[in-house]
Amino acid sequence: MDDQTPLNFDENVARALSDSQLRKNLAFAMGNFRQKRKAIFPDPIELEALRDAGNEIRRRALARLPELLERFEKNCVENGMHVHWAETTNEANQTVLEIMRTHDATRMVKGKSMVSEEMHLNRFLAEHGIEALETDLGEFILQLSGETPSHIIVPAIHKNKAEIADIFHQKIPDTPYTEKVEELNGIARRVLRKKFHEADVGLSGVNFAVAETGTLCLVENEGNGRMCTTVPPVHIAVMGLEKVIEKLSDLPVLLRLLTGSATGSLITTYVNMISSPRKTGEKDGPREVHVVILDNGRSKIYADPTFRQTLQCIRCGTCLNHCPVYTRIGGHAYGFVYPGPIGKILNPQVQGMKKAGVLATASSLCLACEEVCPVRIPIADLLRRLRERMHQGTGHAAPDFNPSGSIAERLAWKLWALLNRHSGLLHSAEKVMGSVGFISPRVGILRKWSICRTTPTISPRRLHELVEQQGVDDE
Amino acid sequence: MLFVFFVVNKKMNNINRNYPEKPEAVYYFGTCLAGTFYPDAGMAGIKLLQREGVRVIFPPGQTCCGQPAYNAGYWREARGVAEKQIELFPKPLPVVVPSGSCAGMMRHHYPVLLADSPNIDRILNFSARVFELSEFLVHVLDIKLEDRGVPMKVTWHSSCHAMREMNVIEDSKSLIRQLKNVELVELENEHECCGFGGTFSVKHPRISEAMVRDKVAAVRKTGAPLLVAGDCGCMMNISGAIAHQKLPVESRHLAEFLWERTNG
Amino acid sequence: MNWWNSRGLMMNNTTSRNRILSRLNAAPRPLTEFATIKNMTSFREFTREEKIERLKNLMEAMRTEVYVTDSGRWVEILTQLVRKKGLKNLLYSPRTDVGAILEKHWKGLETLGEKPPELIHLEGSVEDFKQQLFHVEAAITTSKGAVADAGAIILWPTEHEPRLMSLVPPVHFAVLDANTIYSNLSEAMENENWRVDMPTNALLISGPSKTADIELILAFGVHGPKELIVIIVD
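Residue numbers (the working numbering), protein chains in the order written: chain H, 1 to 475; chain W, 1001 to 1264; chain V, 2001 to 2234.
Heads up, some of the hints might be wrong.
As the list claims (entries may be wrong) - Covered, in the sense of this in silico footprint (three residues per stretch, anywhere, with C-beta under 8 Å from a C-beta of chain H), are these stretches of chain V:
id	stretch
1	2044 to 2058
2	2073 to 2080
3	2138 to 2144
Said to hold, decoys possible - Each computed EDC-like pair below joins lysine to aspartate or glutamate, with the alpha-carbon atoms no more than 16 Å apart:
id	chain 1	residue 1	chain 2	residue 2
4	V	2130	H	198
5	W	1047	H	198
6	V	2085	V	2227
7	H	247	V	2190
8	V	2226	V	2049
9	H	24	W	1147
10	W	1221	W	1183
11	H	279	V	2227
12	W	1173	W	1147
13	W	1091	H	198
The set of hints was computed from the structure by calculation and includes no laboratory data.
Yeah, the Cβ is synthetic: ideal placement off N, Cα and C, and Gly gets one too.
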């Protein structure tokens, strides 16, 4: 995890762009999501009010974060849950392992959890002889094919029916090849039902952690989450520390925004609010509930009030759906757990600029994501600030600050500034390049520009000359 | 500084802006791209304003709003250039800009970029006076356009910042729609970025290429022989890709198009 | 701290906790007053009729079967459905009103010589009845209420109606009193003061389980029930 090798983004991008099947799958899926979101929020004024409310709720929670985390812990413990804190993903993994060992557990069923992907939990547990089985259909498919999720909400969106049919046929014993979605679901249901029944531990994420009541709020459509959090005798919930919200009454707004933004629905099939393990007299539910609160760089992000806004994210995935870059390269190209616009601001801050800084440059700053973010994270602004941090780092006490950008690049910007602060110099340069018919060699940035575009020519008479010629006032 | 940031953030989409009465004079900021590559477009904007009886002042020392460096993360360089521009527009007159992205930069981002400046009041005053050309023509001058051209089809490209920061797309389109012999055919996926993004186009050329090619395909699909755009950056990007593919589609900046159509 | 009772787990957990909290506490934080935005028009209020209508429409759009009836008739509707679906058994709780009415009605059917599906109830804890639970064909539960603007019923599982009753059996019948339908979730939470004493588990259920993970094609009946039937008693 301390490996500072920069992500090989360009290679990933080239591969993704040449995968026409992937591009087709993504174009279809993302278009679908955008349409659905538009349909579920038909009134723009209402939507803006809802987003304002979402923004306020998240900012308020972050403003009080340490107090709320303590209050959350206190209430969870009073309710009979166990609360653990982990600074690193390694610590979180060790905590999960310890809990399992205490119960001599070897079989885990997992609901969908991006934090558990961040932890690389499955791989860690496998190394310790524990089977961690994904039960969310998309994750289940990917576990069979040995891949990681490519989208926050629909992890297997990069795969089509034929590919999935093939995976099931090859990897699940006694399974005929079928592309019928009903049958594919039936296969997953059959296999997993047994596993729910037999599991020692169920693991889940947390969508919202309510400090006021010590409640874990989880949303889902399949029912696998409820299975994981109810059937096995032990339930472990892993969450990032930013998931805390202040009050129960904050939930309705966030639920509406999350579900509407993520899947274009009014509500998920199930909203599951857990506040304690099985109480005396109750007939089912886990006997123990453990909550693991993970830091993994979030407290570092928290330190700067501007960048803190990164932590407002409720993991709806809608920024991915609206991003022209994500739509063309898909989630895997980003190289880390969180793809898309949120990934572009989160990963450089968590993984470090050297390793993941390139992601912050891979945006045209079109603002499509900012326009739809349900909690109004100023993604474009944070991207610019990350770029500034990468190149100049003024006003930031970033411990990992390491100015990047070649000398040529830095000099180029200095030259640019010189010319644009002194119009006389700029005009002379234009004159030289324009009148000599200067055709610049296709190197460097001009070569990159020219792969699919002609280069513009410097006009023989520039605007300031036309203006003077036409007698426009100069003051 | 944080206060300025939050105030600016709220205003980001330029909705419900209060427009002034028609002034006697305005400043004009031509933009660097129009200045060097598309001077006729820059000049057309001036002529449109002058024809409405407004005196146009073009401070000769102007160069660039600083957005390229700001977006690329070279804020020190961007600040120097931005401060220079502000000095050139001292009088309390509107500053009209024929570009949604440059107008957006000056209006919404100068207060952010220059938040720590001792001259923050002057900067805020300047930013409040910046108008994109279309919104100025429509809401301040209430311009009436008489089409003197032959019937033709055009299509329009909405630049991201004109759309999402300055909120002037409907204003631009309404100007085109005033021309009775012009049929405006809208682009499919109009809201998607053309892939320019300043240095993005050369830092991530393959992704940019994929985006501009889709934009060109959409232009082609309209069957229009002319693409009209309000931003020279986008125009340079898309027209460059069109020319590379040797397609029979021309491009014009909105100001130049409107001037040509109404000037006979 | 009483989170130690799991055999002294993770001695360094306190250190992690303290380090995390002190980092968070060290960060500059604005002394802002937050104006919680209330009275959002997004959360509408409906009349009683509107609530029933909206709940029915939204849930049906999510493949729930919804019947509206007056208080005398719900058990007859249930009987018809159970017969139509060819169910061989039905899980219920004898300790609820719904359960009591059901038992009585079933006895009545038996005296008429009919053979209704076997009524099953769960004894002991899940460790005892897991096998049985996973083989039962259908279950019937009460509901705590419903939320009209989103189209979902509210369930607070109890010792009498455990959590898995509404999850494991492939068919779930829920009886809902129309008087407990709220306009929106905020209203439900406020009126019933949820924040004071949250139950072990509180649920909103809007339909049978579903997924769109494969090419965004919607398919029903994954891990939760394949069928959800809501009988609204008006």
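Tested hints:
1. 2044 to 2058: Coverage by chain H is violated for the stretch 2044 to 2058 of chain V (1 residues, Cβ < 8 Å).
2. 2073 to 2080: violated (count 0)
3. 2138 to 2144: Our answer is that it is violated, as 0 residues pass the Cβ test (under 8 Å) against chain H, missing three.
4. V:2130 / H:198: At roughly 10 Å apart (the allowed maximum being 16 Å), residue 198 of chain H and residue 2130 of chain V satisfy the hint.
5. W:1047 / H:198: violated, 79 Å
6. V:2085 / V:2227: Holds - the C-alpha atoms of residue 2227 of chain V and residue 2085 of chain V are around 11 Å apart, at most 16 Å.
7. H:247 / V:2190: Since the Cα atoms of residue 247 of chain H and residue 2190 of chain V sit roughly 12 Å apart, the hinted pair holds (cutoff 16 Å).
8. V:2226 / V:2049: Violated, at about 28 Å.
9. H:24 / W:1147: Violated: residue 24 of chain H and residue 1147 of chain W sit about 43 Å apart, past 16 Å.
10. W:1221 / W:1183: Satisfied, since the Cα-Cα distance of roughly 15 Å is no more than 16 Å.
11. H:279 / V:2227: Not OK: residue 279 of chain H and residue 2227 of chain V at ~29 Å, beyond 16 Å, violated.
12. W:1173 / W:1147: holds, 15 Å
13. W:1091 / H:198: Distance of about 78 Å is beyond 16 Å: violated.
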